[in-house]
Structures are given as C-alpha cells and as structure tokens.
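There are 2 protein chains.
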Amino acid sequence: MKRYEIYPLRVYDSLRGRKERFIPIERGCVGLYVCGPTVYSPVHLGNVRSFISYDLIYRYLNHLGYSVCYVRNITDVGHLERDADGGEDKLAKKARLERLTPMRLAQRYTVDLHRILQKFNNRAPDIEPMATGHIPEQIEAVERLLGKGLAYEVNGSVYFDVKKYDETHSYGELSRRSIDELITQSRDLQGTAEKRNPQDFALWKRASPQHIMRWKSPWATGFPGWHLECTVMSTKYLGLPFDMHGGGMDLKFPHHECEIAQTKGAYGKVPANYWLHANMLTLRGQKMSKSTGNTVLPNDLIRGTNPFFKSGFHPSAIRFFMMQAHYRSVLDLSDEAMRGAEKGYFKLMYAYKALQNARSGKRSDFDVQSWVDESYGALSDDFNTPVLIAKLFEAVHWANQIKAGFASLREADLHLLREKFHTFSFEILGLQPVEAEGNADKLSAVISLLVELRAEARADKNWARADQIRERLAALGIQLRDGREGTRFSLEN
Amino acid sequence: MKRYEIYPLRVYDSLRGRKERFIPIERGCVGLYVCGPTVYSPVHLGNVRSFISYDLIYRYLNHLGYSVCYVRNITDVGHLERDADGGEDKLAKKARLERLTPMRLAQRYTVDLHRILQKFNNRAPDIEPMATGHIPEQIEAVERLLGKGLAYEVNGSVYFDVKKYDETHSYGELSRRSIDELITQSRDLQGTAEKRNPQDFALWKRASPQHIMRWKSPWATGFPGWHLECTVMSTKYLGLPFDMHGGGMDLKFPHHECEIAQTKGAYGKVPANYWLHANMLTLRGQKMSKSTGNTVLPNDLIRGTNPFFKSGFHPSAIRFFMMQAHYRSVLDLSDEAMRGAEKGYFKLMYAYKALQNARSGKRSDFDVQSWVDESYGALSDDFNTPVLIAKLFEAVHWANQIKAGFASLREADLHLLREKFHTFSFEILGLQPVEAEGNADKLSAVISLLVELRAEARADKNWARADQIRERLAALGIQLRDGREGTRFSLEN
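Just so you know, the protein sequences line up as chains A and B, in that order. Numbered according to this note's numbering, the first sequence spans residues 1 to 493. Numbered according to this note's numbering, the second sequence spans residues 1 to 493.
Treat the hints loosely; a few may be bogus.
Under the rule of at most 25 Å between Cα atoms (straight-line distance), these lysine to any residue pairs were calculated in the SDA-like manner [to be verified]:
hint: 1; chain 1: B; residue 1: 119; chain 2: A; residue 2: 451
hint: 2; chain 1: B; residue 1: 269; chain 2: A; residue 2: 212
hint: 3; chain 1: A; residue 1: 461; chain 2: B; residue 2: 119
hint: 4; chain 1: A; residue 1: 216; chain 2: B; residue 2: 328
hint: 5; chain 1: B; residue 1: 119; chain 2: A; residue 2: 444
hint: 6; chain 1: B; residue 1: 119; chain 2: A; residue 2: 212
hint: 7; chain 1: B; residue 1: 461; chain 2: A; residue 2: 451
hint: 8; chain 1: B; residue 1: 287; chain 2: B; residue 2: 347
hint: 9; chain 1: A; residue 1: 216; chain 2: B; residue 2: 219
hint: 10; chain 1: B; residue 1: 216; chain 2: A; residue 2: 465
hint: 11; chain 1: A; residue 1: 216; chain 2: B; residue 2: 384
hint: 12; chain 1: B; residue 1: 461; chain 2: A; residue 2: 214
Partial list, computed: chain A residues near chain B (C-beta under 10 Å) [as the list claims (entries may be wrong)]:
hint: 13; residue: 71
hint: 14; residue: 118
hint: 15; residue: 119
hint: 16; residue: 121
hint: 17; residue: 127
hint: 18; residue: 137
hint: 19; residue: 206
hint: 20; residue: 209
hint: 21; residue: 211
hint: 22; residue: 215
hint: 23; residue: 218
hint: 24; residue: 220
hint: 25; residue: 302
hint: 26; residue: 416
hint: 27; residue: 442
hint: 28; residue: 480
FYI, nobody ran anything at the bench for these hints, they're computed from the structure. Because the structure is a prediction, the values reported are computed rather than measured. In this text, a Cβ means the ideal position worked out from N, Cα and C, and glycines have one as well.
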C-alpha cells in the first residue's frame with residue numbers, strides 16, 4: 001500500500017475555493033507547475049518563501065510515493081512593466097541601465113537564484129524551462145487563439161480579446177471578479193491605444209527598434225506576452241490538463257486568470273485540476289517594498305547585514321521560521337520572530353541528538369504510532385506544517401523526558417520515533433542539522449575534546465587553564481554553558 | 001594605462017597554427033565562446049579540466065582589464081551518436097533508458113554540472129545559452145545555407161554539402177585535412193543512405209515518431225544538427241566575427257571544422273579570430289573511457305571514492321594540479337601526481353600565510369618588480385600557468401627565507417609581493433585558501449588551541465595528556481607533525 005493511500009492528501013484549490021481530496025490524473029503520478037522568478041533583479045525573501053513553500057509540497061508529494069514531475073519556469077523575457085502593455089520589457093530596460101544585455105542579466109540572476117535556493121536546501125525542480133527557449137511554441141499558441149477569433153492583431157502586436165472570450169466563457173473565475181469590475185479597475189492602468197478594451201492583454205508585442213530581445217513572427221518581429229509562456233511550458237511538459245498549478249498569491253490576478261483564459265480559449269480546457277497559491281511574507285507588519293526600503297535580501301538575513309536584524313541566522317533557522325506558518329497564511333518577519341524561530345530550530349536539533357543517544361526501556365509512555373499518524377494527518381491536510389511542528393514539539397518533550405530518565409520507550413517505538421523525527425525534520429521540512437556545513441562535524445568533535453580538557457583542568461583545580469579554554473573559545477564565537485548535564489557549547493553563525 | 005597594454009597577450013591560434021599577438025575587435029572588449037557540455041551524463045574530470053582551463057583564461061582576460069563576455073552553451077539536444085547522422089539523439093536515448101524525459105535529464109545533469117564547477121571555484125559564464133532555446137535561429141541558418149546552395153533536403157532532413165562548399169572554400173583548414181582524406185576516413189562511419197557524400201553532415205533531422213524532442217520546420221518536424229547550435233549561439237550573442245572560440249581538442253574535428261564551414265558558407269566569414277583548444281586529461285597514462293572503467297568522476301576524486309586513489313583531495317588541490325600543466329598539453333592524472341600537487345598547493349598556502357605575517361626590513365634581497373613582470377609575462381604568453389607556478393615557488397622560497405630571518409624585503413616590496421601572490425594564486429589561478437569552506441577558519445583556530453595545550457602538557461611532562469590530544473585529533477583525520485618550528489597540523493579531506 002502506498003503512503004498516499006494510507007494518508008490521502010487534501011489540498012485547497014483556489015478555483016473551487018475549498019479543500020478537496022487530491023485525485024491525480026495518472027495513478028501515482030503528479031505533474032506540478034509553479035510560476036518561477038523573473039530574473040531581472042536579486043530574488044528577495046518573499047520570493048524565497050514562495051519557492052520554499054513549493055519545495056515542501058514537492059518533498060511531501062515525493063515522500064507520499066508519488067512520481068512527481070516538478071516544472072518551475074524562469075521568466076527571462078516578456079514580463080511587461082506595470083502588468084500593462086504600454087510598458088517596456090523589464091529585462092531589456094534593466095539591461096540598458098546596467099549596460100548588460102538581457103541574456104547576461106538573466107544569467108546573473110539565475111545563477112544568484114540557484115545559489116540562494118541551494119542554501120535553503122531547496123531541491124532543484126525536475127525541469128526549469130526558460131521563456132526564451134519556447135518562442136516557436138508561443139507563436140503557435142498565438143496562431144491558435146487568432147484562429148479561434150479570441151485574439152486580434154494591431155500593428156504587428158496581438159492581443160487577447162477578453163470581452164469576446166467572456167461571451168462564451170467566464171473571465172475572472174479564479175479571482176472571483178466580473179468582467180465589468182475589471183473594466184472599472186483597469187481604467188487607471190495605462191493601456192495602449194491599440195487595445196479594443198482596457199482589460200485585453202498582449203500575446204505578442206512588436207519590438208521597438210531599440211528592443212534587444214526579438215524574434216520573427218507571422219506578425220511583427222517582437223516578443224511574447226508574459227502570460228503566454230506559462231500556458232505553453234506547463235502543458236508542453238505536463239500535458240493538458242495537468243495536476244497542480246502553483247504560484248504566489250499575487251499571481252492569481254491577472255497572471256493565472258489570463259493563463260486559464262488562454263488555455264480554455266485555445267484548447268477548451270482549464271490547464272490544471274488544482275490551483276495552489278502561496279501567501280506573502282511581510283516585514284515588521286508591512287508589505288515588503290523596494291521603494292520604501294522595507295525589504296530584506298536572503299543573504300543579508302543569513303549574514304546579519306540587514307539593519308532590521310541584530311544578527312544573522314542559519315538558513316535552516318530561516319526555513320524553520322517559514323515552516324511555522326501555513327503556506328496559505330501571511331507570515332510576518334521580524335527580529336523577535338526570527339529569534340524565536342531560531343530557538344525552536346535549535347531545540348528541535350538538540351532533541352534529535354538526544355533521541356539518537358537515548359536508550360530503550362521496558363515500557364512505552366508515549367503512543368508513537370498515533371503521533372506518526374497525526375503528523376502525517378497534518379501534512380496530508382493541505383500541507384499543514386504548523387500542526388506538524390506542534391507534533392514535533394510533542395516529540396521534543398518526550399525526547400527530553402526520556403533523556404532525563406522520566407519516561408521510557410520500547411525499542412520498536414524508539415526506533416519509529418527516531419526514524420519519523422528524522423523524516424519530518426530533514427526529508428520533508430527540509431531542515432539541515434546544525435553541523436551540516438563544511439567541517440562543522442570535525443569542529444564539534446574538536447570542541448568536545450577541549451570541553452573535556454577543560455573539565456579535567458577544573459577537576460585538577462587548574463582554574464587558570466579552564467578559564468583560558470573558555471575565553472579562547474568565546475573569542476572564536478563558541479560559547480560554553482555549564483549545566484547539570486555537563487557543558488554544552490553553541491556556535492554563533 | 002591598461003594592464004593589457006603593459007603585458008600584451010599572445011595566444012596560440014589553432015587555425016593559423018602559431019602564437020599570435022591578440023588584437024580584439026573592439027578595443028578593451030573580448031567576446032569568448034566555449035563549447036559547453038552535452039548534458040546527458042555526469043560531467044567527468046576530463047570535461048572539468050577543459051572548463052577549468054577556460055575559467056583561467058576568462059579570469060586572466062578580466063584581470064588584464066578587458067570587458068569580457070564569456071558565452072558557454074549547454075547542448076541539450078541534437079548531439080547525434082557516433083558523431084554520424086544515423087544515430088539517434090543521445091539525450092532522447094538515455095532518457096528512455098532512465099524513463100525520464102529529455103528535459104528532465106538535461107536539467108539533472110545541468111544542475112550536477114553547475115554544482116561541480118562551483119566546487120572547483122569556476123566562475124559562471126556571462127551567458128549560458130541552451131540549444132533548445134535557439135530553434136528559430138537554427139532554422140533560419142538552415143534556410144540561409146539552402147539559399148546559398150550549400151545544403152540539400154532529403155526526406156525532411158537537411159544536410160550540409162561539404163563537396164560543394166569545398167569547391168569555393170577550403171574544408172578542413174582547421175584540422176589540416178584534405179577533403180579526400182576525409183572521404184577515406186569517414187567511410188567506416190555509419191552514414192545514412194540519404195547523404196550525397198559520406199562527409200556531409202546534418203543541419204536538420206526529421207524526427208522519428210518516437211523522438212520526443214521535436215519542432216516544426218519548413219522541412220519536417222525534427223531537431224537541429226549538433227554543429228549548428230554553436231554557429232547560431234556564438235554569433236547571436238557575440239557578433240560575427242567575434243574574438244575567441246574555445247573548446248576541447250577533440251572538438252577540432254568535426255565540430256569546429258563544421259562550424260567554420262557553416263559560418264563561411266552562410267555569411268562569408270570565419271566565425272572567430274582566434275581558435276583555442278584545451279588538451280585532454282589522461283588517467284594513469286591512458287585515455288579516460290567509460291567502457292574500460294579507466295575514468296574518474298570529480299566527486300569521487302574529492303571524496304576519495306575512486307579505486308585508483310588512496311584518499312580524496314581538496315578541490316583546490318585538484319585545480320592546482322591542473323594548473324601545473326599548460327592548457328594545450330596533455331595532463332596525466334594518477335595518485336602520485338595528485339599527492340605531489342597537493343603538497344605543492346599546501347606549500348603555496350603556507351607561504352601565503354608566512355607572507356602575511358612577515359615583517360618588512362631595511363633592504364630588499366629580491367627584485368619583486370621583476371618577479372611581477374615575469375609572472376605576468378608567463379600568463380600573457382598564451383596563459384602559461386606552469387611557468388607562473390614556477391614563479392610562485394620562487395616567491396615561496398623567499399617567503400620562507402624571510403620567515404626564517406635569512407632574507408628581507410622593504411615595506412613597499414613586501415606589500416607588492418603579498419598583493420601579487422594573492423592575485424596570482426586566488427584571483428587568476430582560482431585557488432581557494434585551505435580554510436575557505438564553512439567553519440574551517442574556526443576549526444584551525446580551535447586546533448591551534450589544542451596544539452598549545454599539548455605543548456603545555458609536554459612542558460609539564462604530562463605525556464599521557466599530550467598523547468591523548470594527538471590521538472584524538474588523529475582519529476578525526478587531523479595529523480600533528482612536530483618540527484623545529486613547532487607543531488603543524490594537516491587536515492584530511
């Protein structure tokens with residue numbers, strides 16, 4: 001029996017607006033598409049939260065026994081500024097500012113993105129297609145929409161006719177907006193004179209002579225509209241329809257709405273069976289924004305070089321912080337919240353060590369199997385990580401009780417607890433043990449040796465040497481704390 | 001005055017067959033294209049050597065003050081098996097074996113490649129274009145060659161007509177082969193019945209029904225020939241002609257020969273002004289080969305999990321080993337050679353530390369400025385790293401003499417030596433200090449503290465404790481060696 005049969009998954013589907021039992025199209029397989037980054041600037045921590053949310057989902061789907069194909073695109077062209085069509089291609093503009101070509105800019109920030117996501121222990125997607133790598137497919141999709149009478153060409157650009165589409169379909173079904181609302185709302189946006197109606201969106205744009213990224217097309221030499229790439233790449237690699245479509249909450253409208261309209265218009269089908277949306281990260285109660293300076297870059301939070309934080313944090317402590325909230329909830333980042341999360345993360349790691357060293361007893365004071373079932377229950381209930389973490393802290397309590405000799409677990413139960421504690425913490429939540437980096441294991445062992453020598457010095461009443469060891473270690477950022485159970489040490493990041 | 005004016009660069013150009021003064025097309029700028037990997041299997045150490053060679057070249061060009069655009073492609077489609085045209089696409093075949101789609105396979109090994117090159121401290125190229133991302137451009141190039149009468153279509157596939165090309169141009173100029181020789185040589189290869197002459201090569205191939213990677217074209221739905229992508233991507237991003245074209249020696253024929261024929265045929269120009277070829281890595285005197293098992297994967301050499309090596313090596317020691325040979329020379333890898341290189345690398349690192357701690361004196365016993373000029377002279381002489389390393393070992397000698405009090409350098413000279421020793425070792429050769437990874441700095445400091453405590457124990461004649469410290473460290477792979485200058489330690493990888 002597969003794990004997904006024992007712990008059947010329910011997911012919140014934004015299109016239906018409710019939690020649903022997840023039923024894959026092909027038994028045992030999941031096609032997951034997630035809208036990736038536009039690589040024209042460094043990835044910020046809000047984006048990282050979204051990618052970590054989908055990494056958790058990817059990890060859990062795999063763990064349940066599904067064969068998952070996870071596709072996350074890279075938008076290296078076509079995202080128009082102001083989400084309207086008068087703007088110029090964000091990439092081309094930034095490139096001119098930095099005197100770099102769009103492809104150099106895309107490469108710089110793609111490399112940056114990969115390195116940062118690696119630090120947070122995100123797994124690479126199975127396919128990472130680029131918008132510029134799928135121009136023929138995008139041109140074909142435009143041709144198809146023109147053929148269906150749902151798009152029109154003006155001066156070499158092609159627009160999707162939202163009103164026409166709405167006559168036979170229902171535009172706005174995902175974001176629950178009516179087309180009349182949209183017209184009112186979009187009146188403020190700067191449209192181009194070319195569009196029949198302000199809510200229409202570009203499928204293909206004629207390139208101005210300065211525009212660097214350009215391809216020949218049946219209309220004008222130009223570039224594709226932003227919404228089109230996801231329609232084309234998701235269905236190329238996952239089929240139509242596929243299982244799950246994910247992205248940030250801010251992509252619901254207009255991006256995902258347009259994807260649905262394009263796919264239904266061209267092929268008569270909603271592209272995905274389940275629509276997932278990850279919520280945003282706020283900073284000290286406010287939306288992150290570059291213009292107000294209320295923002296934080298991942299490396300600044302790791303290194304402690306952001307003014308809102310007193311020190312840096314281990315990437316796993318940051319990941320743990322994010323896992324404390326459900327992916328569909330807003331999460332607020334602050335120095336206090338991070339310190340709390342760091343403490344929790346270390347507690348978890350210490351308990352894991354305690355469990356590894358624990359000895360089994362003759363009775364079991366704790367029903368480990370129920371704990372396992374409830375933990376899986378949390379994850380299978382729309383990936384509820386905060387509930388899973390509460391379950392993990394129940395286990396932390398028992399681990400500490402066992403260590404102190406106040407509780408006991410039989411061999412089989414202890415083994416199961418160890419195994420599942422490891423699975424949930426490392427394999428699914430994607431945390432890394434404190435010592436995972438570089439020579440940290442050796443470092444811990446060498447420090448332990450010093451702690452022993454210091455204990456000997458104290459036993460010999462050689463206080464000078466004992467203090468010398470403590471001070472020299474403190475100077476290296478290694479704190480010794482003497483307690484009832486001996487001396488512990490902690491490493492600053 | 002720019003550094004490239006003070007130390008003008010000479011490079012060996014394989015097309016002219018001699019070293020030439022390097023003159024860029026645009027003053028102060030270099031366009032460098034290097035043929036990248038086919039991502040259908042893990043990158044082996046021979047490929048890594050080639051990429052490290054071009055990383056050195058990229059680093060030195062940047063250091064000379066050039067504004068460099070370094071393009072290295074990723075071949076994710078179109079490399080036919082047996083370099084002949086009857087074979088099936090290598091990627092599609094492997095994918096079927098692993099039950100993965102070609103794009104998943106390409107992604108897996110692209111991620112693998114990037115992680116490995118990062119370990120060796122290779123800088124990412126400025127643009128890393130993929131063959132599948134440039135289908136429209138490749139189709140255009142085929143159309144152009146057909147228009148010039150240098151290509152012909154058979155059953156939806158298009159071939160380059162080598163004989164026709166040779167009537168007006170000279171096929172084989174890079175590899176110094178005559179077309180008659182080629183006909184004889186290629187008779188053994190399995191050609192397809194479609195080709196007019198056996199030395200013709202595919203520009204576009206009709207896809208069989210099972211073929212997964214396929215695009216529409218004016219001929220048949222299919223995929224581009226391998227040689228075409230480099231022609232299209234190099235000139236798209238660097239212009240025509242561009243400055244330098246690099247690749248492994250094994251790509252000279254047929255790949256680069258075909259690139260030249262395609263570009264001269266279509267546009268009347270040789271694509272690049274200088275052709276560089278990096279030589280191969282042999283293993284214990286023989287060509288690396290998967291079929292005979294005479295091969296080594298980068299991670300196996302780092303971790304010590306290759307049977308031909310007694311232990312693992314720090315990536316920088318491996319990089320240093322490669323830098324000991326000129327990029328155009330064959331380099332043989334063996335356990336002894338690696339041990340020698342590791343010793344040399346550590347000597348260099350120790351001397352760098354000695355230099356940092358050295359105090360200046362009243363006279364200079366060593367002409368540092370000449371040493372600097374000769375070191376640059378080596379690098380500007382076709383990137384001659386073995387000569388540079390010999391110069392660095394001269395500096396090691398002086399660093400040790402200064403440390404021992406047998407020689408002296410005036411303040412300004414000491415400063416210059418330190419600065420350039422750093423530049424050559426880290427910025428240009430791309431080595432990393434021994435402690436660069438993770439907590440290694442802390443580890444060294446903590447070990448030093450233990451070494452001191454052991455010295456105290458010995459001074460107190462507490463042999464038991466002194467031995468205990470040595471043994472406990474040895475158990476962790478940390479070796480202490482007592483010498484005239486005190487105790488040194490070395491870390492196993």
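Okay, the hints, checked on the actual structure:
For the hint pairing residue 119 of chain B with residue 451 of chain A, the CA-to-CA distance comes to about 33 Å; that exceeds 25 Å, so the pair is violated. Among the hinted pairs, residue 269 of chain B with residue 212 of chain A is consistent with the structure: their alpha-carbon atoms are about 23 Å apart, no more than 25 Å. Annotation: proposed proximity of residue 461 of chain A to residue 119 of chain B is violated, straight-line Cα distance about 47 Å (limit 25 Å). Of the supplied pair hints, the one linking residue 216 of chain A and residue 328 of chain B is violated, its CA atoms being roughly 41 Å apart against a limit of 25 Å.
Between residue 119 of chain B and residue 444 of chain A, the direct Cα distance comes to roughly 23 Å. Compliance with the 25 Å bound is thereby established for this hinted pair. For the suggested pair residue 119 of chain B and residue 212 of chain A, the alpha carbons sit about 34 Å apart, so the restraint of at most 25 Å is broken. Pair hint residue 461 of chain B plus residue 451 of chain A holds up; C-alpha atoms about 21 Å apart against a cutoff of 25 Å. With a C-alpha separation of about 30 Å, the suggested pairing of residue 287 of chain B with residue 347 of chain B is violated against the 25 Å cut-off.
Taken as a hint, the residue 216 of chain A and residue 219 of chain B pair is honoured in the structure, with Cα atoms around 18 Å apart against an allowance of 25 Å. Between residue 216 of chain B and residue 465 of chain A the CA atoms are separated by roughly 78 Å; this puts the pair beyond 25 Å, and the hint is violated. A hinted pair counts as satisfied when its Cα atoms are at most 25 Å apart, and residue 216 of chain A with residue 384 of chain B does not qualify at roughly 45 Å. For the proposed pair residue 461 of chain B and residue 214 of chain A, the alpha carbon gap of about 79 Å is over 25 Å, so the pair is violated.
Restraint check, residue 71 of chain A versus chain B: the minimum CB separation of about 9 Å is within 10 Å; hint holds. For residue 118 of chain A, the interface hint holds, since its Cβ comes within 10 Å of a Cβ in chain B; the closest pair sits about 8 Å apart. Using the Cβ-Cβ criterion of 10 Å, the hint placing residue 119 of chain A at the interface with chain B is not satisfied: the shortest such distance is roughly 12 Å. Contact between residue 121 of chain A and chain B, as hinted, is not supported at the beta carbon level, the nearest pair being about 13 Å apart and thus beyond 10 Å.
At a threshold of 10 Å, the smallest CB-CB gap from residue 127 of chain A to chain B is about 5 Å, leaving the interface hint in force. A hinted interface residue such as residue 137 of chain A counts as satisfied when its beta carbon comes closer than 10 Å to some beta carbon of chain B; here the least separation is about 8 Å, so the hint holds. Because the beta carbon of residue 206 of chain A sits about 17 Å from the nearest beta carbon in chain B, more than 10 Å, this interface hint is broken. Violation of the interface hint for residue 209 of chain A is found here, the shortest Cβ-Cβ separation to chain B being roughly 18 Å, above the 10 Å cut-off.
This hint is violated: residue 211 of chain A has a C-beta 15 Å from the nearest C-beta of chain B, more than the 10 Å allowed. Below 10 Å, beta-carbon pairs count as interface contacts, and residue 215 of chain A has one with chain B at about 6 Å; its hint therefore holds. Taking 10 Å as the C-beta cut-off, the interface hint given for residue 218 of chain A is violated, the closest approach to chain B being about 12 Å. For the restraint placing residue 220 of chain A at the interface with chain B, the shortest Cβ-Cβ distance is roughly 15 Å, beyond the 10 Å limit, so the hint is violated.
Look at residue 302 of chain A: its Cβ only gets to about 13 Å from chain B, farther than 10 Å, so that hint breaks. The restraint placing residue 416 of chain A at the interface with chain B is violated, with a minimum CB-CB distance near 32 Å, outside the 10 Å limit. A hinted interface residue such as residue 442 of chain A counts as satisfied when its beta carbon comes closer than 10 Å to some beta carbon of chain B; here the least separation is about 5 Å, so the hint holds. Because the smallest distance between the Cβ of residue 480 of chain A and any Cβ of chain B comes to about 12 Å, over 10 Å, the interface hint for this residue is violated.
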